[in-house]
Amino acid sequence: MNSAVRELTYSQAIQEAMAIALESDPRVFLMGEDIGVYGGAFQVTGDLVERFGSERVIDMPISELGGAGLAVGAAMTGMRPIFEFQFSDFATLAMEQIVNQAAKMRFMLGGEVSVPLVMRFPAGSGTGAAAQHSQSLEAWLAHVPGLKVIQPATPHDAKGLLLAAVQDPDPVMIFEHKLLYKVKGPVPEGHYTVPIGKAEIRRMGRDATIVATSIMVQKSLEAAEILQTEGIDVEIVDLRTIRPIDRETVINSVKKTTRLLCVYEAVKTLGIGAEISAMVAESEAFDYLDAPIMRLGGADSPIPYNPELEKSVVPQVPDIVAGIRNLVQGRR
Amino acid sequence: MKNESKSKAKSEPANVPFAFRAYSPEQLRDVLRKMYLIRRFEEGAEDSYTRGLIHGTMHLSIGQEASALGICMPLKSDDQITSTHRGHGHCIAKGAQVDRMFAEFFGKTTGYCKGRGGSMHIADVSQGNLGANGIVAGGIPIAVGAALSAKMQKNGKVVICFFGDGANNEGAFHESLNMASIWKLPVVFVCENNGYGMSTSTARSTAVANIADRAAGYSMPGVIVDGNNFSAVAEASSAAIERARRGEGPTLIESKTYRHRGHSKSDRNRYRTKEEIDEWKELRDPIALFESELRQFGILNDAGIEEVRASVEKEIADAIQFAKDSPMPNTGAALDYVYTELPQ
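Read top to bottom, the protein sequences are chains Z and F. Adding 20 to a residue's 1-based position in the first sequence gives its number in the numbering used here. Adding 939 to a residue's 1-based position in the second sequence gives its number in the numbering used here.
Certain hints may be false.
What the hints assert, rightly or not - Mimicking SDA-like on lysine to any residue, the simulated pairs with C-alpha atoms at most 20 Å apart in a straight line are:
{"id": "1", "chain 1": "F", "residue 1": "Lys1090", "chain 2": "Z", "residue 2": "Ser321"}
{"id": "2", "chain 1": "F", "residue 1": "Lys1123", "chain 2": "Z", "residue 2": "Ser74"}
{"id": "3", "chain 1": "F", "residue 1": "Lys1090", "chain 2": "Z", "residue 2": "Gly98"}
{"id": "4", "chain 1": "F", "residue 1": "Lys1093", "chain 2": "Z", "residue 2": "Arg76"}
{"id": "5", "chain 1": "F", "residue 1": "Lys1047", "chain 2": "Z", "residue 2": "Val133"}
The hints are simulated quantities; they were obtained by calculation from the structure and are not laboratory data.
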């Protein structure tokens, strides 16, 4: 396929994935707030309502709890809903249905039903939307057995992971960083999937491993270029799925580089970096470590409005550069 | 349950109750059988709990049997229901087998949920029961989602959404009724109002006099029925189901009833009087009321009723034995069904 040269934005890639799913599977429908003629708060659904009609691209009332429950019920009875939260923060309004119902229904009923539900969460800071529209709550949902949680970092993965999620028999939660929506990258034409539960090594390196998620993958790649000029060669693992975690890829990378820095935007305390750190510390990779495991994550603070304050509470490229320098040269 | 009309209906006077015009003697006899099945099932579960054969807790619907059966009577077998923590009656009314229900309560692999759900998550998906629910109002949006499925798939199914009076003050109730109404979904909301959300009476918890009054806020019919009168419930359910099947949208039925037992096994009944409980038991018991109608309209005599009771006693005893004899799940399989395929 002559696809390597075509570039789409992350947002266009998601829209293309949804269009393919709607075209190829009559069970698929979209549901969310202002996803019809408005095109979605971030224009991700765009003109899909014109192509597929308002019965398959459903504008719902501002009723996140009820809407999420409708999606659960539809998924249990033969449909494949793709449910859009306008902002990931609004998951808080629907936690009952996500945590108590979607995640547990198959288990509680002894495997007699499945819940093939996809939920999309525009997440993250950097848009000046302040404390209630900027959170990264993926670890909340990743703490719940029964859910799968993914964080695509590139347009290619945004499309392929969404198409994998639509095929998946279990509920899949997709956290999309809002600042990635306009980022461009190569996206193959047509249908393809990226496997849920598999990390990707974005950059090979010898001296230290960064395990990053979502927008922190791009920031880590920028940091790696700077570090390269200093003779430090960083390996970058894009986790892509935070439940289930690709243990093997992370542990093999740490065994090779002997150093680990976890980088994520969500609040550092009790977050995905803590899980990765503990997982490595409990594994055979522990014996290979030449430095303490370190984490860079969000401050123990709500996201502030002021743009400089906003940047200061999530990891930035210079923080990553400094973090790796400390890991590699710390003992000098 | 079958819902063919009884052939001799035309010859009977109009003041004969709906059920005795609409259903055959065989169907009515089966309704009585299922009323007893629900009651004896719950008494058997209570007894097994006391003997330590069932752990956890359970919420008994003794006193509410006519409501479950009347609502489910007009349903086709592939129509669907969502149920509540007080859902044993709904499950039996929708066609579940009591042996597999007991097995579930006993935590056995032969149970409907293979011992993973217990009383609060009892389900029989093969009969269209999408499950009881441990969260008050948790099943309401799920029922509406199933109705959305039915509409999108054009399969003609109707969904019954059971919930208690306590659920009418949850946000999920209001969001769900609104969406069902704006999209005219084939769902019937059934509030079994037994007067108390755990210990809090509807008078103390709810701003409207009747739960059915909420329907006006969502532009749908709100119907109040005597939930202890099988025929009245079946008549209201029948009209609401037909309306839903015609594509005219949802109905809210408030079935006023009473639970003889406490909320759950921890209840000491401090919030209601013995006189109140006794009045419902002695004067308004749904089974006694239905039996007197069966005699009055010549469907069953005392001997016929006794025969039904005896057959149920045997079915319950056999079902408990089946549950006792069934195997426990292997603890090594505790993670089964968390995912369709376990993550690597």
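Results for each hint:
| no. | hint | verdict |
| --- | --- | --- |
| 1 | F:Lys1090 to Z:Ser321 | 45 Å, violated |
| 2 | F:Lys1123 to Z:Ser74 | 15 Å, holds |
| 3 | F:Lys1090 to Z:Gly98 | 12 Å, holds |
| 4 | F:Lys1093 to Z:Arg76 | 14 Å, holds |
| 5 | F:Lys1047 to Z:Val133 | 19 Å, holds |
In summary, the structure is inconsistent with hint 1 from the numbered list given earlier, while agreeing with all the others.
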